[in-house]
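Residue numbers (our numbering), protein chains in the order written: chain A, 1 to 114; chain B, 1 to 113.
Check the hints yourself; a few may be wrong.
Claimed, not checked - On the chain A side, residues computed to face chain B include the following (Cβ under 8 Å):
| hint | residue |
| --- | --- |
| 1 | Gly17 |
| 2 | Pro40 |
| 3 | Lys42 |
| 4 | Pro44 |
| 5 | Leu46 |
| 6 | Phe89 |
| 7 | Phe104 |
| 8 | Glu106 |
To be verified - Straight-line C-alpha distance at most 30 Å; calculated DSBU-like pairs for lysine-lysine:
| hint | chain 1 | residue 1 | chain 2 | residue 2 |
| --- | --- | --- | --- | --- |
| 9 | A | Lys5 | B | Lys98 |
| 10 | B | Lys98 | B | Lys51 |
| 11 | A | Lys57 | B | Lys51 |
| 12 | A | Lys71 | A | Lys5 |
| 13 | A | Lys5 | A | Lys68 |
| 14 | B | Lys71 | B | Lys51 |
| 15 | A | Lys5 | B | Lys44 |
| 16 | A | Lys58 | B | Lys71 |
| 17 | A | Lys58 | A | Lys42 |
| 18 | A | Lys68 | B | Lys98 |
| 19 | A | Lys42 | B | Lys71 |
| 20 | A | Lys71 | B | Lys71 |
To be verified - Residues of chain A clear of chain B, computed beta-carbon distances all greater than 12 Å:
| hint | residue |
| --- | --- |
| 21 | Val4 |
| 22 | Pro52 |
| 23 | Thr87 |
| 24 | Arg101 |
| 25 | Leu102 |
No wet-lab data here; the hints were simulated from the structure.
All C-beta atoms in this analysis are idealised placements derived from N, C-alpha and C, irrespective of residue type, glycine included.
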Amino acid sequence: QQQVKQSPQSLIVQKGGISIINCAYENTAFDYFPWYQQFPGKGPALLIAIRPDVSEKKEGRFTISFNKSAKQFSLHIMDSQPGDSATYFCAASLGETSGSRLTFGEGTQLTVNP
Amino acid sequence: NAGVMQNPRHLVRRRGQEARLRCSPMKGHSHVYWYRQLPEEGLKFMVYLQKENIIDESGMPKERFSAEFPKEGPSILRIQQVVRGDSAAYFCASSQNKNSPLHFGNGTRLTVT
Chain A
1 QQQVKQSPQS
11 LIVQKGGISI
21 INCAYENTAF
31 DYFPWYQQFP
41 GKGPALLIAI
51 RPDVSEKKEG
61 RFTISFNKSA
71 KQFSLHIMDS
81 QPGDSATYFC
91 AASLGETSGS
101 RLTFGEGTQL
111 TVNP
Chain B
1 NAGVMQNPRH
11 LVRRRGQEAR
21 LRCSPMKGHS
31 HVYWYRQLPE
41 EGLKFMVYLQ
51 KENIIDESGM
61 PKERFSAEFP
71 KEGPSILRIQ
81 QVVRGDSAAY
91 FCASSQNKNS
101 PLHFGNGTRL
111 TVT
């Protein structure tokens, strides 16, 4: 199975709160899991990525948590800001070709209220 | 250092016409990928190309769609005899090699009337 399922579809958070977006996959051959951020009218931009040999990766306010046994990974945005309002996509790819053929989730529209 | 450049940004075609979408990868990148995004949906892989070669076209519709990445010039995604269902945002991405992260352009928004 090539699917990556993402939830929730939309999320509203107050400024300063924590935003959590979840993804689940079925294909255990996936070995690269990036998150992309997309603003209206723009292309997706790589935010942070993880490989299954680690359970957590943090970059600034953004953290990926990875649960290999559950085949799930999540994005946590700490101290969420109005400027974080965007659509977030999780993705996964196969084998050693980490850049190619990303399978994307359906996206989460995040709104951070001031 | 310019990013991935796509043009046109917006393209309007009548049913039955041809659409040609162009993508210039980032400097030094020789791998190009095309994705399609329907409204309120995620991105769906279409095709992966290197210079003069199609590596993976498993996401391309069998008819009317073709892609190329010539030795010189941009990559082209061509849609013949467009239908309303082709209306979408088409994104191009490039990478330096097959193990590098993808960098996306800002897309071409195709509207078929």
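We went through each hint and held it up to the structure:
{"no.": "1", "hint": "Gly17", "verdict": "violated (25 Å)"}
{"no.": "2", "hint": "Pro40", "verdict": "violated (11 Å)"}
{"no.": "3", "hint": "Lys42", "verdict": "holds (5 Å)"}
{"no.": "4", "hint": "Pro44", "verdict": "holds (5 Å)"}
{"no.": "5", "hint": "Leu46", "verdict": "holds (5 Å)"}
{"no.": "6", "hint": "Phe89", "verdict": "holds (6 Å)"}
{"no.": "7", "hint": "Phe104", "verdict": "holds (4 Å)"}
{"no.": "8", "hint": "Glu106", "verdict": "holds (5 Å)"}
{"no.": "9", "hint": "Lys5(A) / Lys98(B)", "verdict": "holds (25 Å)"}
{"no.": "10", "hint": "Lys98(B) / Lys51(B)", "verdict": "holds (13 Å)"}
{"no.": "11", "hint": "Lys57(A) / Lys51(B)", "verdict": "violated (34 Å)"}
{"no.": "12", "hint": "Lys71(A) / Lys5(A)", "verdict": "holds (11 Å)"}
{"no.": "13", "hint": "Lys5(A) / Lys68(A)", "verdict": "holds (15 Å)"}
{"no.": "14", "hint": "Lys71(B) / Lys51(B)", "verdict": "holds (6 Å)"}
{"no.": "15", "hint": "Lys5(A) / Lys44(B)", "verdict": "holds (13 Å)"}
{"no.": "16", "hint": "Lys58(A) / Lys71(B)", "verdict": "violated (40 Å)"}
{"no.": "17", "hint": "Lys58(A) / Lys42(A)", "verdict": "holds (25 Å)"}
{"no.": "18", "hint": "Lys68(A) / Lys98(B)", "verdict": "holds (24 Å)"}
{"no.": "19", "hint": "Lys42(A) / Lys71(B)", "verdict": "holds (28 Å)"}
{"no.": "20", "hint": "Lys71(A) / Lys71(B)", "verdict": "violated (41 Å)"}
{"no.": "21", "hint": "Val4", "verdict": "violated (8 Å)"}
{"no.": "22", "hint": "Pro52", "verdict": "holds (16 Å)"}
{"no.": "23", "hint": "Thr87", "verdict": "violated (9 Å)"}
{"no.": "24", "hint": "Arg101", "verdict": "violated (5 Å)"}
{"no.": "25", "hint": "Leu102", "verdict": "violated (6 Å)"}
Of the numbered hints stated above, those contradicted by the structure are hints 1, 2, 11, 16, 20, 21, 23, 24 and 25, listed in ascending order.
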